[in-house]
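Mapping to the working numbering: the sequence shown position 94 is 94, numbers consecutive.
None of these hints come from the bench; they were simulated from the model.
It should be emphasised that the depicted structure is a prediction, and the values quoted were computed from it without experimental measurement.
Every residue gets a Cβ at the ideal spot worked out from N, C-alpha and C, and that includes glycine.
Hints may contain errors.
[To be verified] Derived pair list, reagent style EDC-like, types lysine to aspartate or glutamate, alpha-carbon separation capped at 16 angstroms:
| id | residue 1 | residue 2 |
| --- | --- | --- |
| 1 | Lys312 | Asp264 |
| 2 | Lys312 | Asp72 |
| 3 | Lys207 | Glu271 |
| 4 | Lys197 | Asp102 |
| 5 | Lys197 | Asp283 |
[Said to hold, decoys possible] Across the chosen pairs, the derived CB separations fall in these ranges:
| id | residue 1 | residue 2 | range |
| --- | --- | --- | --- |
| 6 | Ala172 | His328 | 26 to 34 angstroms |
| 7 | Phe156 | Gln177 | 21 to 29 angstroms |
| 8 | Gln278 | Asn59 | 24 to 32 angstroms |
| 9 | Ala172 | Val149 | 26 to 34 angstroms |
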Amino acid sequence: MTSTVPRSGAGAKRKPVASGGAAGRRERTRGHGLRTRFRRDRTLILMTLPVVLLLLVFNYVPILGNVVAFQDYDPYLSDNGFIAVFQSPWVGLEQFRRVFEDAGFWHAVQNTFVLFLLQLVLFFPIPIALALLVNSVIRPRVRAVAQAVMYLPHFFSWVLVVTVFQQIFGGAGVLAQTLRQHGHPGFDIMTDPAVFKYLVTAEMVWKDAGWGIIVFLAALAAVPHDLYEAAAMDGAGRWRRMWHITLPALRPVIALLLVLRVGDALTVGFEQFLLQRQAVGPDASEVLDTYVWWNGIRNQDFSYAAAAGLIKGVVGLSLVLVANKAAHLMGEQGVYKK
């Protein structure tokens with residue numbers, strides 16, 4: 001006697017459906033994956049916590065202070081400057097109107113962009129050229145010594161950098177005294193407003209060119225030597241190998257650093273200009289950073305300075321987005337992918 005098992009219909013047995021279905025299983029898998037990755041990388045996460053806290057405290061929390069740009073902030077309304085923010089009257093866009101109507105602000109903007117373009121033309125290519133030069137040195141010991149010598153000024157403070165240049169190019173410096181001893185008139189580059197923009201660019205090159213070399217040398221280290229050997233066997237000389245192998249390998253790094261440099265166009269320096277402000281005058285040395293400091297700290301016009309700083313931040317962000325879009329159009333990744 002054979003029995004039939006119904007395959008369909010009311011009498012058919014159905015498998016129980018798990019609660020939540022496929023979506024529930026994916027959610028549980030994702031939860032297990034997050035816990036697994038956290039247990040695996042908890043040491044690295046704990047190591048990054050101090051950095052995250054520093055960024056939150058010194059970079060993101062101060063952004064909340066931009067609210068004073070829409071107020072007539074008076075820190076003396078309360079014994080606590082933080083409480084004074086809530087007691088200061090709102091003025092809307094009045095501070096921004098004052099900024100745009102101030103001729104001193106536009107003069108600082110003009111100086112900032114002139115210095116940025118000069119630094120972009122004269123300063124930006126120098127680390128690339130120095131990295132190619134250091135990379136061409138065959139002996140590792142000579143290469144390490146050259147890199148260390150060029151990298152050392154990065155650790156000097158701007159006070160020391162300006163002092164070194166003063167001792168060399170100042171009116172009482174080594175060069176001026178040597179010329180006077182040989183019957184020639186001396187000079188004082190450190191107090192000449194006409195050459196100040198070239199002076200600060202030279203100071204920046206001497207101080208920070210070594211820092212940029214490290215980035216480009218790291219990119220060059222990733223280039224396979226087989227490409228150079230194959231190009232040499234095909235008859236390519238040193239310049240052709242540099243043009244067709246080295247520079248294409250550096251192109252993504254150059255695009256990334258160029259985008260970041262354009263985004264930092266309105267921040268050409270603060271301490272460097274403040275130290276030399278008295279020697280050349282504010283007409284030659286006033287940039288946006290010193291302008292905000294002078295109005296916000298020295299004149300205690302905090303709301304006005306906050307408005308000027310907020311304008312600078314918005315323009316800087318816009319420049320980053322535009323430069324990154326240009327990098328995408330050239331086929332590079334930029335700061336972030338499309």
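Which hints, by number, does the structure contradict?
Numbers 2, 4, 6, in rising order.
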